[in-house]
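Could you slot chain B onto chain A? The hints should help.
The chain contents come next:
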Amino acid sequence: MIHKSFIRHQIIRSRNQALLFVMCVVLSIIFMVALGGFSESITYSLLKDAKSLHAADIIIRSRSPFSASLKEAVVQLEQKDFVESESAYEFYSMVRDPVENRTLLSGIKVVGPKYPFYGRVELHSGKELRETLEKGSVIVEKNLLDRLDLQIGSPLQVGQATLQIKDLVQKEPDRPIRFFSLGPRVFVSSKDLSELDLIDKGSRIGYSILLKVLDSKHLNRIADGLKAVAADHERVETFRSAESRIKRFFDNFLFYIGLAGLFTLLLAGIGIQSSLTSLLKENEETIAIMKTVGAGGRFVITQYSLMVLFLGMAGTAVGIASGFFTQYALVFLLRSFLPYGFEFIFSWKAIFQGFILGIVVVMLFTFMPLLRIKDIKPYAIFRKERPAQPRLLWQALISIGILSLFAATVVWQLRDASSGLRFAAGAIGFILLIAGMIHLVLKAVKNLRVSALAPRQSLKGLFRPGNATKLILVTLTASLTVIFSIYFIERNLDESFVRSYPQDSPNVYFIDIQPNQKADFSDVLGNDTVYYPIVRARIVSLNGNPIDRKKQRMRRRDNLARMFNLTYRNYLLPDESISKGKDLFDRNRQGVPVSILDTVQEMADIAIGDTITFRIQGIPLEARVSSIRTRTKGSIQPYFYFVFPENILEKAPQTIFAALRVETESIAGLQNRIVSRFPNVSVIDMTQVISTFAGVMRKLSGTIRLFTFLSISAGFFILISSIFATRLARIREAVYFKILGAKKRFVLSVFAYENFFIGLVSAVLASGFSQAASYLISTYFFHIPYRSFLGACLLMITGAAMVVCAVGTVASVSILNKKPAIFLREQSEG
Amino acid sequence: MRFFRMLLAGMALCIWLLPGCDRKEPIVPESEKPVFAGTILAIGDSLTEGYGLEEADAYPALLQQRLLAEGYRYKVINAGIGGETTSGLRSRIDWAITLSPDIVIIETGANDALRAIDTALIKGNMEAVILILKERNIPVVLAGMRIYKNLGADYASAFENIYPDLAGVHGLIFMPFFLKDVAGNPGLNQQDGMHPTAEGYRIISNNIYPYVVEAINRLKKK
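Sequences listed follow chains A and B, in order. Okay, so the first sequence: first residue is 1 according to my numbering, each after it adds one. Okay, so the second sequence: first residue is 1 according to my numbering, each after it adds one.
Do not take every clue at face value.
[Said to hold, decoys possible] Result set (BS3-like, lysine-lysine): computed pairs, CA atoms no more than 30 Å apart in a straight line: (1) B:Lys-134 <-> A:Lys-518; (2) A:Lys-201 <-> B:Lys-123; (3) B:Lys-134 <-> A:Lys-651.
FYI, nobody ran anything at the bench for these hints, they're computed from the structure.
Same shape as in the complex, but just chain A (with noise of 0.2 Å):
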């Protein structure tokens, strides 16, 4: 029953639609496809750091000498082959300068030649660790040069062995990046391990082996293996296991790029149903004639069918080869561009992927236009009303299908059913919402009076039957709404971790400053010190409840029941912001204000108004919750969960914090200066945690950008198909303008007024919801404060508006030039 000539015809005869709708979905799949390859990049390039971060697959720690069965386990791995194991030993040290006699406490390290398996340790002379550090040699980190005013070269006594300084130490990839050192790095090779004779009984040592595991497929079944055998000391850990906030981060990330390109996966269903419909409303007129003729509905559809399975493969097939260079493109044309360490990978899944997702897309949004065929009835040549509508039945079972199938994709896609339930519930709602709040504006213009005869007809031009003005600001609002919050959200991750770590964000943190010692330590540190008091304090009760300390023990995360460090300013600090109350210490209220962070909700349910019971320095002293505050979480800033009044606190006894900002080639001499001023302080010097936070936080903004560029110009290519595909069904009132005598300029200005109220209204209309969106998506998902970026908001709102005019006018500019004839003859022919 295949009439490939019929086929055939119709595809050239609504050339311009089926090209349109060819066009959707090679689109969808090359997103699909670059997306996918984005995706697994960046699994791949953070499971690479992730090793390199612990420079090795797989890490047992312990504070005490490793258990015998353990040796063993990891012994007997070695024999078989499976893994190679590297021993490390970390600890604090006085080294001293045997000439000069001067000390200085320092950060042991102590590894073999193997170490480390991933990652490198980097070195002032460029040379590999492993060929510099040799018995009798360390490697130490600059500033234990200047301080101790020693040279490459110089010998340095660690424990009781006597060591030449061999070169120096710039970054050691697994640095803990929360970790804040006392001293200065010093590399020792395990060859001089004994000779140091620091580990004994009586000795703080952090014990680790590093495993490199050789076939990565046994990396879970011999971490656990070993777990098995571990004492209760060991910890066993894998690179992947390892609690880390980035990680979490990332995992994050990766299902919000998920979602993301469902969302815009989702759009291009819009395009695909909405170029079919328009080639299958140009063509109802030859349906009708072959109903007419005899033609049976079954038969009709199957032709159809085939051509949309035709269009739909031709499609996919350009969609596959084209993303196969997409991504090959982007492999080439990002390198450069990528953050430091970020590899684009090609990816054979994501293109399979891809061709799956297609084919679903196509058939998921070719079915409601394919139906509709059934419903045209032969009278439909004589007349020009809409075909009567499906029975509702029909179409709850056949919304449901497709419902259920959109469901289906998208668990699968996001590998979690009840987010993916949640996800497609949340996005026919978000569609619905869009419709009702369409179908209002649209009534609400439909009664507006406009005298100027352009504008009046491009009004009306909006309701005239068979017109798709709801469809297609349906569609544009929601593609709008996904552009606009992709670029949103893109800000403000960005803002919040360019907040993180502006570039005069404190480095150097100085410990235990006496209340006394102040004033002279301002003398000496300038005056843009901040400092910090601290209070050390307990809470005795909640509104009254003494604090259950056993039960809040029991909770896994933060809890009631410990110390807390309270502080006492009158200021918020820079990365803080009230998101509950009036202002920091509500005045108006009687009693003592405090300030809490929401971190402390977490802990217990406390409001505004709701009293604590402190006990501070065994007073006790009862406060009143004024005010909640938020901070950039993941930044790297001091902060406090309970800020009081300065008059409260004062007088209680406390030591003072204070961080500054020095540069790096100051530090050493700051903390001779301080130290021989003030022994009693400790200068912890944070530049290379810092430096490698920032690193971190770089990468992911780029890695952030590069994907709202890519989602946004797949968003942007949607948007156009889907505009020209639906203008092109409503051009033949141009004709009519035109046979009525209308200049050309006249139609085109009724046509720009037109489009450009398309654009304004699902523009604003989007603003709206897409504000509403990454407000939710910042906050619930990302947990960073939301800023609206009003401005841009506006310019967007401008922008889109502008451009749908543009390219809706434009779409309408060649029919113009056509002779009415001419058009109307092409019309009726078929």
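Below, chain B without anything else, positioned relative to chain A:
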């Protein structure tokens, strides 16, 4: 990120604060409320405070129990502040003596040593505190402390010598090592390997008990 908390809490024997009032509401019922003959102030760092434990499980509370059981009606105030250095102690000693203690137990210095603070400074701070107490004729029990060997033999021995030196010079009652029988025993320490468990504190309170009795006897002779 719990960075800041770790900075303070994790870095050493942590945390402070000094909840003197704790034992003002004793656990015993009202009717059996003991009438105290005097007050013992236990000042120190997290090892006195009982980091990670209930205050009732830290040594001052256990010591008071033991004293009461043996017929010494003394109240022991837990004035331990986690993370406190000898400099911090020196800053707050004036406040501490407003509680008018009859006896003071000093356990401090470990946080200084973990940061390798100059031993002369540690000694100076402790001496200043001791002098203030001596001036008021308050008997002092000084608990000795040791530091990890990995810091280096020179530093470790200089640090350990501070305690017997000061005790000898000022005639204090001297407990040679506060963590005797507890340090280095994984079963008696919390996961961090630094802070004793409740069981560990039971041993410590029994170890320190005879020295406190000696201080009480000295007080009675006054």
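Legend entry - Violated hints, by number in ascending order, as checked against the structure: Hint check: nothing fails, all pass.
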